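J.: Based on the provided sequences and hints, a complete structural model is requested.
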Amino acid sequence: MIDKKPFQSKLAKLREEGKYRTFNDIVRERGKFPKAIWYGKYAIKEIVNWCSNDYLGMGQNKVVIDAMHTALDQTGAGSGGTRNIGGTSHYHVALEHELATLHSKEQALLYSSAYVANEWTLVALKQIVTDIVYLSDSMNHASLIQGIRHSGAPKEIWQHNDMEDLERKLKDCSGTPCIVFESVYSMDGDIGPVKEICDLAERYGAMTYIDEVHAVGLYGSTGAGVCEQIGEARVDIINGTLGKAFGVTGGYVAADADVIDAVRSVASGFIFTTSLSPVLCAGAMASVKWLKDHPELRVQHQERANTLKRMLVERGMEIHPNACTHIVPVMVRDPFRCKAMSDTLLNEHGIYIQPINYPTVAEGTERLRIAPTPFHTDAMMNDLVDALERTIND
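For the sequence shown, the numbering used here begins at 6 and goes up steadily by one.
Honestly, the hints are just simulated from the structure, not real lab data.
The list that follows gives simulated cross-link-like pairs (lysine-lysine, DSS-like), each with its CA atoms no further than 30 Å apart:
| hint | residue 1 | residue 2 |
| --- | --- | --- |
| 1 | K50 | K40 |
| 2 | K50 | K24 |
| 3 | K200 | K297 |
| 4 | K50 | K67 |
| 5 | K10 | K24 |
| 6 | K294 | K67 |
| 7 | K46 | K344 |
| 8 | K67 | K40 |
| 9 | K344 | K9 |
| 10 | K15 | K344 |
| 11 | K344 | K37 |
| 12 | K46 | K9 |
| 13 | K160 | K200 |
| 14 | K344 | K18 |
| 15 | K294 | K40 |
FRET-style restraints, in silico, Cβ to Cβ:
| hint | residue 1 | residue 2 | range |
| --- | --- | --- | --- |
| 16 | R395 | I276 | 49 to 57 Å |
| 17 | N89 | S14 | 42 to 50 Å |
| 18 | K9 | G91 | 35 to 43 Å |
| 19 | E319 | A48 | 32 to 40 Å |
| 20 | G36 | T87 | 34 to 42 Å |
| 21 | E353 | A17 | 23 to 31 Å |
| 22 | H155 | G81 | 27 to 35 Å |
| 23 | R395 | E34 | 20 to 28 Å |
The structure displayed is predicted, hence computed values, not measured ones. No residue lacks a Cβ here, since even glycine has one placed at the ideal position from N, Cα and C.
T.: Pasting the structure below:
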């Protein structure tokens with residue numbers, strides 16, 4: 006029989022330190038995004054969701070939903086197997102081609118999530134490039150950290166966005182260096198110096214691996230991400246997600262054909278996992294295509310984010326100093342207060358913003374991470390700013 010004491014002790018410690026996570030029970034309402042229904046402890050109420058990663062509301066887009074209905078009627082619910090045993094449908098093949106084209110790469114590879122794509126691609130690279138040394142930005146996502154750790158490869162951590170520190174690490178590297186970084190950092194809302202990193206990689210013969218999860222669909226003329234927006238084509242491997250701006254679920258990497266083929270051949274997290282449902286592939290492909298042709302949604306998204314940041318600053322609220330993207334981190338700097346503010350906003354104002362505490366962010370940098378969308382109206386923004394101001398001053 007299992008001894009529950011270690012589990013109870015761990016939970017008690019998390020609560021004592023303000024690190025216990027609460028998962029709010031909500032139901033998104035099709036056609037009413039960003040409104041949702043919250044199933045609270047004592048009542049059910051309509052709320053406005055201010056922290057969704059469905060940045061452009063594509064999970065509600067009729068083109069996406071119609072494509073998924075068509076695929077569901079044609080194929081049924083699931084894929085029926087792993088990719089190498091019955092689970093590669095034409096929908097998978099077509100979506101991988103669409104994603105490769107989006108990123109101007111020769112090939113792409115679908116995974117069940119972007120987390121899995123990061124983890125198992127980095128593991129696979131160690132099996133292929135046996136002397137690889139990972140040089141990882143200090144603010145990299147947990148999936149990148151876990152993939153590097155799981156690979157068993159040597160690693161060096163360079164200070165966030167610090168090119169001098171990265172160059173020092175490159176000079177001292179004794180194997181094949183692989184620089185691992187992100188374009189948009191999801192908690193601070195800042196951007197990696199992609200061109201400068203590629204310059205250093207070129208100078209020192211390093212591979213480059215970028216996570217564009219919080220940028221795909223949102224930046225660039227066709228939504229390919231920051232690399233497209235700045236015209237940088239030198240990044241070797243691009244990771245992206247289908248579960249944020251594209252509004253569905255799943256992840257992928259895109260690179261040269263030989264790179265993808267080798268990763269596909271050795272990445273256990275790809276080989277031994279049931280493939281994405283063709284229904285999800287159909288929705289994702291429709292979303293990618295639609296967003297390629299509708300840059301105005303990206304323009305509206307940036308306008309909404311900039312407007313909200315300006316409104317918050319005018320009311321004296323602290324936004325993370327490095328935030329320069331669509332992500333709006335309102336700094337609280339205390340885990341208990343951050344959770345209490347989130348609860349007050351939800352219970353008293355019908356506003357849902359998830360508190361972000363350690364280990365997602367460093368202790369002392371706790372925050373409310375706000376994600377405006379093109380569908381958050383001026384009235385919603387005014388309500389949010391008023392509610393935040395009252396909550397902060399309580």
